[in-house]
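Participant: Sequence:
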Amino acid sequence: MAYWLFKSEPSTWGWDDQVSKGAAGEEWDGVRNYQARNFMRAMKVGDKGFFYHSQKEKAIVGLVEICAEAHPDSKADDPRWDCVDIRALEPVQHPVTLDQIKAEPELADMVLVRNSRLSVQPVTEAEWRHICKMAGVSAD
DNA sequence: GCCAACGTTGGC
DNA sequence: GCCAACGTTGGC
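Mapping of the first sequence onto my numbering: position 69 corresponds to residue 70, and the numbering continues sequentially without gaps.
It is worth saying that the hints were derived from the structure and are not from the lab. One or more of the hints may lead you astray.
[Said to hold, decoys possible] Derived DSS-like pairs (lysine-lysine); straight-line CA-CA distance at most 30 Å:
#, residue 1, residue 2
1, K59, K45
2, K57, K76
3, K8, K22
4, K45, K103
5, K134, K22
6, K76, K103
7, K8, K134
8, K103, K49
9, K103, K134
10, K45, K8
11, K8, K76
12, K8, K49
13, K59, K22
14, K49, K76
15, K76, K22
16, K76, K134
17, K57, K134
18, K57, K8
19, K8, K59
20, K59, K103
21, K76, K45
22, K45, K134
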């Protein structure tokens with residue numbers, strides 16, 4: 002299984018919006034960046050991800066799961082843009098802030114730290130487990 | 001609100 | 001195919 006991180010501005014699409022879509026999930030639409038799109042194309046149903054709030058909050062707030070593999074973004078007028086569907090699994094016990102992540106030597110190489118602008122990112126299993134521990138949620 | 005980093009676009 | 005100009009993102 003692979004692990005990922007999805008970043009969103011809560012004012013546009015936040016954790017509560019994601020939760021409101023329930024088990025059916027929702028398209029992660031609006032990505033117009035090749036790197037991010039290519040990561041989504043590599044995702045499999047059942048892969049898990051962190052849901053990160055950018056801007057003011059800057060924290061991982063929940064766990065999500067891929068529930069549909071890459072397909073054309075229904076909101077794009079250009080066929081080159083694909084997206085996956087994700088659904089909320091559970092909120093984290095303790096949000097893990099960007100500051101906390103930066104303070105962990107084991108997490109210094111995270112894409113979130115190295116390239117903060119990329120909105121869809123891969124997460125290694127070691128990073129996943131480390132952050133789950135900090136967040137007070139099961140990594141499995 | 002500013003600015004650095006980065007990606008994309010379009011003229012040559 | 002290069003590169004300058006521009007737009008966007010997100011941390012500060």
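Participant: Could you grab the alpha-carbon distance between K103 and K134 and see if it respects the 30 Å cut-off?
Facilitator: Between K103 and K134 the Cα gap is close to 16 Å, so the pair holds against 30 Å.
Participant: Take the C-alpha atoms of K8 and K49, compute the straight-line distance between them, and say whether it is at most 30 Å.
Facilitator: holds, 14 Å
Participant: Can you confirm whether the C-alpha distance between K76 and K103 stays at or below 30 Å?
Facilitator: violated, 35 Å
Participant: Within a Cα-Cα threshold of 30 Å, do K8 and K134 meet the stated pairing?
Facilitator: Satisfied, since the Cα-Cα distance of roughly 20 Å is no more than 30 Å.
Participant: For a C-alpha distance cap of 30 Å, please report whether K49 and K76 respect it.
Facilitator: Holds. K49 to K76 sits at ~24 Å (cutoff 30 Å).
Participant: Measure nothing beyond the straight line between the CA atoms of K8 and K59; if it is 30 Å or shorter, mark the hint as holding.
Facilitator: holds, 9 Å
Participant: Verify the proposed pairing of K76 with K45, using a straight-line Cα cut of 30 Å.
Facilitator: Holds: K76 and K45 sit about 21 Å apart, inside 30 Å.
Participant: If you draw a straight line from the CA of K57 to the CA of K8, is it 30 Å or shorter?
Facilitator: holds, 13 Å
Participant: Would the pair K57 and K134 pass a check requiring their Cα atoms to be no farther apart than 30 Å?
Facilitator: holds, 23 Å
Participant: Is the hinted pair K103 and K49 satisfied, with a Cα-Cα distance of at most 30 Å?
Facilitator: This hinted pair holds, its Cα atoms lying about 22 Å apart.
Participant: Does K103 sit within 30 Å of K45, going by the straight-line distance between their CA atoms?
Facilitator: holds, 29 Å
Participant: Would you mind confirming whether the straight-line C-alpha gap from K45 to K134 stays at or under 30 Å?
Facilitator: holds, 24 Å
Hints 6, 16 from the earlier list are contradicted by this structure; the remaining hints agree with it.
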